[in-house]
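Assemble the complex: chain A is given as a structure, and chain B must be docked to it using the hints.
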Amino acid sequence: MTNREFEYVGTRPVRHDGVDKVTGRAAYGADVSLPGLLHGAVLRSPHAHARIVSIDTSAAEALPGVQAVVTARDIPPNSAKVLLGGEAALDLGDMSDCMLARDKVLYNGHAVAAVAATSLDIAREAANRIEVVYDVLPPVTGIDQAIAPGAPQLHQSFANNVANRMEFKRGDVERGFGEADVVIEREFRTPMVHQGYIEPHACVARYGQDGRLTVWCTTQGPFVVRDACAGILGVDAAKVKVIPTEIGGGFGGKIVVYLEPLAAVLSRKANRPVKMVMSRDEVFRASGPTSGSKVRLKVGAKRDGTLVAARASLWYEAGAYRGSPAGAGAMCLLAPYRIPNFVIEAYDVVVNKPKVAAYRAPGSPMALFATESVVDEIARELGMDPIELRLRNASVEGDRAPYGPVYGPIGLKQVLEAARSHPHWKAPLGANQGRGVACGFWFNAGMQSSATVTLNLDGSAAVLTGNPDIGGTRVAQAQMVAEELGIPVERVRPSVADTDTAGHTDVTGGSRVCYATGMAVIQAAGDVRDQLRARAAQIWKVDIASVRWKAGRAIPPSGNGSHQPLTVAELAAQMPHTGGPIVGRASLNAPMAGPGFGAHICDLEVDRETGRSTVVRYTAIQDVGKAVHPSFVEGQMQGGAAQGIGWALNEEYIFDAGGVMENPGFLDYRMPVASDLPMIDTVIVEVANPLHPYGVRGVGEVPIVPPLGAVANAMRDATGIRFTELPLSPPRVLSALLHTESPNQSAIRIPQSAMS
Amino acid sequence: MMSKLHVETTINGQPVEFLCTGSETLLDALRNTIGLTGTKEGCATGDCGACSVILNGRLVPSCLVLAPEAQGQSVTTIEGIAEGERLHPLQQKFLEHAALQCGICTPGLIVAAKALLDAKPSPSEEETRYWLAGNLCRCTGYEKIIRAVLDAARAGSAAL
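Protein chains in written order, with my numbering: chain A, 1 to 756; chain B, 757 to 916.
There's no promise every hint is true.
As the list claims (entries may be wrong) - Label-pair distances were calculated between CB atoms; the ranges are:
{"id": "1", "chain 1": "B", "residue 1": "T801", "chain 2": "A", "residue 2": "P576", "range": "54 to 62 Å"}
{"id": "2", "chain 1": "A", "residue 1": "P690", "chain 2": "B", "residue 2": "G813", "range": "41 to 49 Å"}
{"id": "3", "chain 1": "A", "residue 1": "R73", "chain 2": "B", "residue 2": "E881", "range": "51 to 59 Å"}
{"id": "4", "chain 1": "A", "residue 1": "R73", "chain 2": "B", "residue 2": "T789", "range": "49 to 57 Å"}
{"id": "5", "chain 1": "A", "residue 1": "E61", "chain 2": "B", "residue 2": "T801", "range": "27 to 35 Å"}
{"id": "6", "chain 1": "A", "residue 1": "W425", "chain 2": "B", "residue 2": "G813", "range": "17 to 25 Å"}
{"id": "7", "chain 1": "B", "residue 1": "E773", "chain 2": "A", "residue 2": "G430", "range": "53 to 61 Å"}
{"id": "8", "chain 1": "B", "residue 1": "H762", "chain 2": "A", "residue 2": "P576", "range": "38 to 46 Å"}
{"id": "9", "chain 1": "B", "residue 1": "E773", "chain 2": "A", "residue 2": "A59", "range": "33 to 41 Å"}
{"id": "10", "chain 1": "A", "residue 1": "V82", "chain 2": "B", "residue 2": "T801", "range": "33 to 41 Å"}
{"id": "11", "chain 1": "A", "residue 1": "P731", "chain 2": "B", "residue 2": "T789", "range": "42 to 50 Å"}
{"id": "12", "chain 1": "A", "residue 1": "D500", "chain 2": "B", "residue 2": "N812", "range": "27 to 35 Å"}
{"id": "13", "chain 1": "B", "residue 1": "A875", "chain 2": "A", "residue 2": "V616", "range": "49 to 57 Å"}
These aren't lab readings, by the way, just hints derived from the structure by calculation. Using N, Cα and C, we set each Cβ at its ideal position, and we do this for glycine too.
If we strip away everything but chain A, and leave its shape as in the complex, we get:
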């Protein structure tokens, strides 16, 4: 399919949901309202770690306007049960306990009770009147503390707060280091950071007296929400219907449920629909950010630049319950390079912080920050061009990936060559500027998807899937239907359906929607096309095998001169007389996806008086397989780059000694704004993915991976200082500039405590 010529794929039509979104008509999670609506509020723990001694809700229940109060006693206890369909397996027991604490609170912000009342003000006032007696326990607020002997334990089952240890190895690492001419070993740290979607979590739940629950919510995975609600409440999935609203960003953070089952229980108690919306403070303190990390990495190389050995240990904060992306980080760590000998160990560490959730390429950015910093140092040590060093070691088709499988066609070399030949790479730098390059990798996901394509009598069509559209997937799906049927994109209406209407579809996540759901859409449209060929064969009274399809027409067999080709519109008009409606459907489980690689080039200018640094030029290059809608592909690359730049330069959860987050708002949790960034140039590389009929591979996650290393390498280039701890915020950079006498060879870590 690599040489297939496309008519609609690769064009840039206006998205079908666009007008609704530029006029304010599109309805997001908090925009849903119903008659008789009640408003919910959550009481959250002020402590990071405490035993719940007692909860007295009587004062709240006595407040006029309060219709229901719930605590964990109102929810059946959930044993560990795995829920699939998200990017990673989700533990229902932990999700339930995280949603409403049972015996212990494990992080500041942990929900302990919820209230539904006739107004939000009353609900909040009632929540404040709930009396909780805590037995406060010493908190575990960081990796080093968590794994130290004698540390307080979050869970009985995890000795030293280590929930899991994983190991990946190959070859003989000692012999490998023995062959090395240069060995670099460093320890890297990154703080907990948040996805930072602008729309807070929000839902409305309506529990009927018939035991049926309807949930409207902003989610990446309506089927995950349905199954989580059913599992946590102990009811059949058939009793629960989830209607996804438009979604205001997710980046992995809107897969786990925080509010929906709570709203459902409140609604069941009150017999009225209940709306719950998180405040920004709640989003930061009580939804899932991604892990703070510590990565120790040692890499050896020969004089000619060949990487020969690596040894690494990764510790990732899981937050209050097990399940950090440490394993994924370990698998990504060396994915760009062919290194014959390595040992990688990874630890999943529980701490008294919010339970982490997926965040765009979960686990990969922190791991590749380490790898790409060390590879940069090796290039400096050897006096090699950093792109040349990477090209010399780049993974290619046929190599066994460090995480196991053999790579199919992958585009890392093409990406690096595009980076090297980009004018940015050779452009002169100004005073106090530096340039860095770094690679990124993500597996990409396949998973389960369904699609339905319905042909209308006038020859237009509808396509329906179960994936909330976060960044233009509907228009891409319409393009696929247009491509398969040969009708204009504008004549295809794409829709996101609820869980009663769509066939089962796993989350919008894992960069899987255009890939796996796209494949289902292509197959469903192909099903329609085959049915149209059958109708044409029936009209012409010929064998279906002799009917070809070309450019939106059924073509009669040659030598059958009395028949003219029939268009989609002509065949559609005859549907009632040729067998009835035509509906195409497909469901699939794509077990694999084509992995994605990217490389970013960053120019940073550092103000030596304040430590503030500014990205002055940025280029993102990525193998996307095939860009269905290039504008939205570029948008993913630019948006991922911006998020990664924020992670590198400013974003961090700051906790006090008691484990209370000190910056739970957008003023102090500093995400990039328009004036912080330059135009972000993009180069789309297309190495077709043979697993997809158009060659598509996942796009969305790779671009958040390179910026951490690219920015840090640019900082090294500009200042001579190798920073191994993020973010490179002005206080940290200034402190390093002031304290480094001979900056050129140093690798320094300025702990947060030294900056105040």
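Just chain B, lined up with the frame of chain A:
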């Protein structure tokens, strides 16, 4: 419970009356009482710009304006940017440039950009970036938004 205040104001050129408490924000009144949910809440602390509206010609975060302050004033929300069926050039250019992904920040950004073009019809890229620095977008990296606004400014001046 405190008794409610009666407010008469003009929203998107139409006279509007509503009741609110003294502590209610204009954002809450717009969304919950008046039914104009195009204005979004992202933070309620004036840091994200999702709730941007134009109050008497001035760009403000409606989460930091008390609803009673709208008395006798004129408010423009995202629902008032298009002229009937005809999209404003900014809306058109946002669509053409694919300047939105999830779209939650889009109403605030379009309102903020309109205030910019009203004040300065041909802004530079830098002026545009600083003007829009109060509007967070987490999806796009801003590039396509800036291009859309600059293109709309060009289209606007070409139309004069």
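We went through each hint and held it up to the structure:
Taking the beta carbon of each, B/T801 and A/P576 are about 58 Å apart, inside 54 to 62 Å as hinted. For A/P690 and B/G813, the Cβ-Cβ distance of about 58 Å falls outside the hinted range of 41 to 49 Å, so the restraint is violated. In this structure, A/R73 and B/E881 meet the distance hint of 51 to 59 Å, their C-beta atoms being roughly 58 Å apart. Distance hint check: the CB atoms of A/R73 and B/T789 are about 36 Å apart, inconsistent with the given range 49 to 57 Å.
Against the hinted window of 27 to 35 Å, the Cβ-Cβ separation of A/E61 and B/T801 comes to about 31 Å, which satisfies the hint. Here the CB-CB span from A/W425 to B/G813 is close to 47 Å, at odds with the stated 17 to 25 Å. As the Cβ distance of B/E773 to A/G430 is approximately 58 Å, the hint placing it in 53 to 61 Å holds. About 58 Å separates the C-beta atoms of B/H762 and A/P576, a value inconsistent with the hinted range of 38 to 46 Å.
Roughly 37 Å separates the CB atoms of B/E773 and A/A59, a value that falls within the hinted 33 to 41 Å. Taken as a hint, the range 33 to 41 Å holds for the pair A/V82 and B/T801, whose Cβ atoms sit roughly 38 Å apart. The hinted window of 42 to 50 Å between A/P731 and B/T789 holds, with their beta carbons roughly 44 Å apart. Checked against the hint of 27 to 35 Å, the C-beta distance between A/D500 and B/N812 comes to roughly 47 Å, which is inconsistent with it.
Range check, B/A875 to A/V616: about 27 Å between beta-carbon atoms, so the 49 to 57 Å window is missed.
This entry does not satisfy hints 2, 4, 6, 8, 12, 13, going by the numbered hints stated previously.
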